[in-house]
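Asker: Turn these sequences into a full structure, and let the hints steer you where they fit.
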Amino acid sequence: MTLLQRPVLVLLLLVTHHLLQCWIAFGSVDEEGQKQEEFNEELLLKPLPDRKVLAHFHFQSSAPPSTSNGRHHHLFPKAISQLVQKFRVKEMELSFTQGRWNYERWGGFDPIASSNAKPPGVELWAVFDVPQHQVDASWKNLTHTLSGLFCASINFLESTSTYSAPEWSFPPASGNLRYGTLPREAVCTENLTPWLKLLPCRDKAGLAVLLDRPSIYRGFYHSQRLHLTSTASGSKGTDSGIILKQALTVVLQPIQPNGRRASMDHAGEKRIQPSWSLSSIFGKQVRGRCVLAKSSNVYLQLDRGLVAELKHIHKENEKSVANGLTSENFWTYPSFELSASPDRIVIEENSFHGKSSSILYNFQVEKYTESEPLDLGLTWKIPVVWSCQSAPLHSSRFLMGSGNERGAIAISLKSTQLWEGFMGAFDNNERCELQVDVFQVVPWYVKVYFHSLQVFIDQQPKAVSDVIEKIHVSPSKDKVSPGMMEMVLRLPCRVKSAALTIEFDKGFLHIDEYPPDANQGFDIPSAIISFPNFHASMFFLEDGSLNKSPLLSKFQEKSPVMSYTEVLLVPLTTPDFSMPYNVITITCTVFALYFGSLLNVLRRRVAEEERFLKDKATKKTGQLPLLLSKLSAKLRGRPWEPPHSPPSSSSFISSKLVFKVILVAGLAVGWQYYFS
Amino acid sequence: MVKQKNKTASFSFWNWVIASIIFRLILIYFPKNLNLASRPEVSTPLTSFRRLAEGYWLKQLSMSPYAGSMYHGSPLLLSLLGPLTVQRIEGQPNHLLYSLVSVIADVVSAILIRATGKNLRLVYLRSLESLDIVKQTKASEILSPGDAAALIYLWNPFTIVACVGLSTSPIENMAVILCLYGACSRLVPLAAFGWVIATHLSLYPAILIIPVIFLLGCGPDAPPRKLFLQKNHKEEVLNKSKLPLGFSWRPITHFAFWALLWSAYVLALCGISLQQFGGLWEMFKSTYGFILTVEDLSPNIGVLWYFFAEVFDFFRNFFLIVFHVNILFMIIPLAIRLHHRPCFLAFIYIAIFSMLKSYPSVGDSALYLGLLGWFVNELADIQFSFFLFCGYVGVSLLSPVMHTLWIWRGTGNANFYFATAMVYACLQIILVVEGVSAMLNHDRKLRNLTTGKPQDAKS
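In order, the protein sequences belong to chains H and A.
Just so we're aligned, residue 1 is where the first sequence starts under UniProt numbering, counting upward by one.
Just so we're aligned, residue 1 is where the second sequence starts under UniProt numbering, counting upward by one.
Fair warning: there could be bad hints in the mix.
List time: in silico DSS-like cross-link candidates among lysine-lysine, alpha-carbon distance up to 27 Å [claimed, not checked]:
1) K285(A) to K477(H)
2) K226(A) to K614(H)
3) K294(H) to K284(H)
4) K414(H) to K496(H)
5) K294(H) to K78(H)
6) K140(H) to K197(H)
7) K32(A) to K118(A)
8) K285(A) to K462(H)
9) K445(A) to K614(H)
10) K204(H) to K367(H)
11) K479(H) to K285(A)
These are calculated hints, taken from the structure and not from any lab test.
Because the structure is a prediction, the values reported are computed rather than measured.
Answerer: Structure representation (structure tokens):
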């Protein structure tokens, strides 16, 4: 009976599951032809020049504007749609990053580097669709909500001294933009789990299965990102359409089986790049797509530089071997081997990058099943050396000066050898200029002197007005708002290096304002250097099916090349944390000394003084013996009498003293009696 | 013969003045001003040159100079001195023009101090004459207080450091001295102008209105009026001409009128220069408000910065009130006791507020130490004078050492530096207390001399 029951149950489950899936997938299509909620999952893999592998997961959920659905969503995470509705978020991006993107080696010009490389810690920016005066309140609520949602201390961005409102240097420039970073936020699996919960299949199926915690946190760089855009619909009653893009970028080191040999010929210039596969870098394989996903693709990207290098090698081979290969079956190069055959090859249409274009191999996950998992691997056969395309200027930032009183921040921009490809575009112009936007936020305890801004071009000091076309500064207010600097630099094209320096004084905080480990120092968030003249976009040969892929369409978006500089660590002087009581008491003592002694000098009467002096003159005794005799007299209980020639008033004093003593004694007796 | 002597004295005075100017210029020509401009002893948030430059830069960018918490000075100073912060002459030190302004301010202050001192000396001699005790005190009449005070002011290392360190305190000091000079020489508009500007620049000189009123009402320092009355009574001669003038209200109403006029003028100018920004309210908030709330906790030679860095937040307001009331509290007792000596009263007030102010600098100490010279004759037998001198020298040597140990080398601790600040405060307290005490004793001595009592064992 039981034996029979089980298959039936399984069958039943399968049928209902299938029905459900059909209903979910096509349920809303027939109603007035509305767009339906969609979910796409994609993974991009890319070998990096320094023997590492980049994996970029891109999950996109979209909820179209609709009236029919109301507050109900099939696929779209409810938490996010509520958040968008409640705070009227127009656009928002939240990123959790650990490690630093290596712009020199991993590239700075392609869409991944320029829009997915983020500064360490948490970065949050949001544009609100509310009137100006409500923006700050919305921001505060948003930070609290997000901190609850992602188990992170994003709520520290609530205070006005941590966030700023860039006016034009940050790409989605708008008056309702708020930008804040927490450079020291530790990012770990507790932030990833809520992020994965937003996916319809979580990490149970589809590409997210690959996100095995130990292997991704072992990587060199890890950045999880959540970007949402809401398209406000016409009437107020309807929901706004939301597009939620969740991206996770990791840079991993493939585990080499022959690690020893690789390290042995380290000195040799050409090494075979490590071979890798999904199972070797993630420890998992893709066993079918997430059934709720509309599309599920894996791409393998070969960089422009790599393709050029391969072509070069290929040509050499052609000369020697002379068995030419057409560009159609490009993947069957003798230089490397793919473990799975790609379903499609997408070649970038090169607009003006001159040399070559990158190639994407597409693998559709639908074809792979539990029994036949996709374990994409790349095996190199010959050593290849290439370099990634970097941004026009390589930017770095450092601190100058020593001591804990003052210092200077320097941003240095060094030219990369990108220019050959672009010179043609600018040749017509007489004055070839390179526009660089700099956006820098400094916390209030780093008191920047904006007038001390200096510009050096090719190590020569230049007048600030010659180079800086536009500058916007909002100076920091103590304990209220951070300092912000937005600049547009116009550099000559053939510039070798440029540097900006700006001086600052280090602030002194109240003891309560220091974090627990005060001597570690304070962080200055990354500066953002962007190049508005350059667009990190790739154009692909027009193909109808391409538009369906959100990842590729995102690559085609025109966005300026951006890079983040390093986070700076500024040590600040600390007071003695254990001393508040001592300081309070000592200071108050000094004040009391001042007050008491001055008042004493002022109220000292002359007659009394003269009498003292006369006494002194007659007796030639100091004041101390006088006091002592007084004290001893008091101790013995006898009224004090001056030893010689008692003045007329002494009897009066003694009677007064006796009276006082009796009074005090009487009071004491009465007190004792009354309370016992 | 006497004239000749006077001439040589004045000649040597001018020599010293020129020497001090040359000395300052030599220091100015040192590279980077010997880094004095960024010393905490010289530049407080209120007097710092770099902050002034920052405020001017912001203003040039058509932003409010008070945007951000950098600049806390007057908008007038910004309009007058701001352009000098950016002007450079080829081959000359960076801020030569600005330094020259400081030097001129110092010299003008010294000249005014000298004039006032001479005035004081005349009055002093006249009062001694009217009391018929000139002979008894002749022995101590060697020094001319004007020259002494002016030279002390010019050659005080504190003044030199404040001048070369590009702080704005020479100008603030000049305003205070202008006020006292005007009041001493009965130039009511000048006194009112000095008082208004000094108050506008650094708030604390507002309490100088009391000595100024006494100065205008009854004239410069003299022995107590009671003495003259006693003397006249004793001699049974009603010599009205020998009596010092009684309190007259006329100059005071004049002063009030002029003070109102000048302050309206100054406020109007400030209002015009801040028209496109936050207006006067913003100015008051970030100048006087900044002074009164001790927002900036960067170290200086005072004691309040460390106190407010350490004190618990819920006591902060209480202690703010206590410390500021401490300045105000002594005003009335001192005014009652020293009303016959308004210049000395002003000196004591200046000493008190430069000790207890929120952001003290050596420039403030330079002012009262210079004014101390006015009373060389009266304060001749001040107690602990050698100790005080040694203390000042010691603190001014130790304080930079402790600061370097703490801030630059990291081997010291904040407490080291705070300890020197504490000692410095104690020294100033002793100076004030002993100064007052010596002055009261001096009055007693004069009375004893007039009443014919034998001088007691005090001296």
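Asker: All hints, please: hold or fail.
Answerer: Hint by hint, here is what the structure shows:
no., hint, in the structure
1, K285(A) to K477(H), "13 Å, holds"
2, K226(A) to K614(H), "24 Å, holds"
3, K294(H) to K284(H), "22 Å, holds"
4, K414(H) to K496(H), "6 Å, holds"
5, K294(H) to K78(H), "19 Å, holds"
6, K140(H) to K197(H), "24 Å, holds"
7, K32(A) to K118(A), "38 Å, violated"
8, K285(A) to K462(H), "37 Å, violated"
9, K445(A) to K614(H), "15 Å, holds"
10, K204(H) to K367(H), "18 Å, holds"
11, K479(H) to K285(A), "15 Å, holds"
Consistency with the previously given hints fails for numbers 7, 8, ordered from lowest to highest.
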